[in-house]
Amino acid sequence: MKELKSWKDYPLGGAVYDPGSTLDIDVSGWRNERPQIDQEKCIRCRICWVFCPDAAIIEEEKTYTTKTGKTFKLTYSIDYAHCKGCGICANECPVKAIKMIPEVE
Amino acid sequence: MTYELEKIKTLWDIPKEEHLVGGHSLCAGCTAATIVRHLLKVAGKNTIVVNATGCVEVSTTSFPYTAWRVPWLHVAFENAGAVASGVESAINALKIKGEIPVEKEINVIAIAGDGGSFDIGFQALSGLMERGHKVMFVIYDNEAYMNTGIQRSGATPFAAWTTTTPVTRRIRGEWRNKKDMFDIAIAHGIDYAATANPAYPVDMDSKFQKGLSKDGPSLVHVIMPCTTGWRFEPKYGITIAKLATETAVWVNMEYDVGNFSVTVPVKKRKHVREYLKLQGRYSHLSETEIELIQEQIDRKVEEINKRAGKEVIGPLEA
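Residue numbers (my numbering), protein chains in the order written: chain A, 1 to 105; chain B, 106 to 423.
By construction, these hints were calculated from the structure, which means they are not laboratory data.
Among the hints, erroneous ones may be present.
Said to hold, decoys possible - Under 10 Å between C-beta atoms, here's a sample of chain B residues computed to sit facing chain A:
(1) Cys132
(2) Ala137
(3) Trp177
(4) Asn197
(5) Trp280
(6) Lys284
(7) Thr332
(8) Arg336
(9) Pro339
(10) Tyr341
(11) Thr344
All residues carry an ideal CB built from backbone N, CA and C; glycine is no exception.
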């Protein structure tokens with residue numbers, strides 16, 4: 001069993017020595033709706049990435065070719081552990097390539 | 106002052122690195138996180154952030170976690186300005202002593218909400234600007250004390266509902282006007298002051314960049330639609346921010362060493378109704394009250410056009 005830490009185990013002054021440690025926290029339970037990117041429709045305009053409050057849109061340098069033969073150098077995907085499902089990405093998407101799908105049917 | 110980052114002109118110039126990571130406990134759809142994310146992208150990793158008490162402070166650093174990847178400190182609600190001044194002075198002292206190389210550039214940024222800057226933190230902010238420390242003060246303005254339960258602040262606009270300016274038989278929301286922080290900052294004789302909007306990220310980021318490149322204090326005042334306190338669905342955060350500029354409720358202005366300019370001109374502005382009707386905090390308004398708010402905005406637009414010397418904010422859309 002994991003032992004509970006006592007106050008003596010924590011650094012003085014409430015200092016935290018582990019930058020960016022909230023990445024360990026899973027906030028997916030906050031969501032009612034889950035965004036889903038349609039890679040065929042997506043025009044790689046970066047708008048969802050820009051506006052996401054939770055830095056949950058991942059921009060990767062991965063080539064993707066659509067069925068109509070268009071090749072993009074970037075691919076956007078969603079970090080579902082940190083997405084809270086606010087829907088800003090879906091609302092701001094200029095081509096409506098992001099759909100919000102209910103978590104519970 | 107040299108500044109290594111290239112000027113941000115399009116969305117693609119925004120740096121990719123994240124210095125405020127996900128997993129924090131700000132509300133879903135909170136635009137404050139968008140603002141701070143962009144601020145740190147622009148500032149880079151050589152940055153010390155001083156954060157006044159407020160939404161961003163309590164929810165990004167629930168002990169023993171932190172969402173920040175830059176040195177960050179919090180002391181109290183009222184003294185973000187004073188602490189930031191101290192940090193800046195300490196850096197200067199260490200440079201004189203030779204502990205830090207003189208050419209090393211360290212950005213000191215103070216972040217506060219409207220409570221931590223308009224009301225409680227005002228004297229520390231005023232002192233910081235008057236003493237001329239090289240600190241950028243960023244205000245994310247959600248127009249009330251959202252963190253403690255939507256109490257009114259000096260930034261609450263006319264007619265807005267809050268829990269301390271309720272809608273009853275005798276009062277109909279806030280009956281006083283919003284404080285003009287932009288002009289107060291300019292009156293301190295600082296080099297750079299600006300108002301920004303997260304719905305215009307390129308404009309906002311270039312303002313952060315300009316503010317950081319100044320040798321003295323600078324202030325960037327950013328509007329921040331609050332899903333909880335303004336009573337709207339989380340997905341409309343950016344839509345409402347955009348409408349604020351399109352209706353001229355919020356004007357993106359800039360004051361750069363004596364030059365006043367409006368950075369996002371609006372050719373034809375929308376009726377303020379478009380902005381108000383999306384928000385629950387204005388749901389009690391009657392048609393006469395909406396017209397009264399529109400009149401106030403018309404007057405403000407006229408003033409700004411006069412100040413800019415040309416028509417930057419156009420007439421009302423027919």
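Hint check results:
no. : hint   : verdict
1   : Cys132 : 8 Å, holds
2   : Ala137 : 8 Å, holds
3   : Trp177 : 8 Å, holds
4   : Asn197 : 24 Å, violated
5   : Trp280 : 32 Å, violated
6   : Lys284 : 26 Å, violated
7   : Thr332 : 8 Å, holds
8   : Arg336 : 15 Å, violated
9   : Pro339 : 4 Å, holds
10  : Tyr341 : 7 Å, holds
11  : Thr344 : 6 Å, holds
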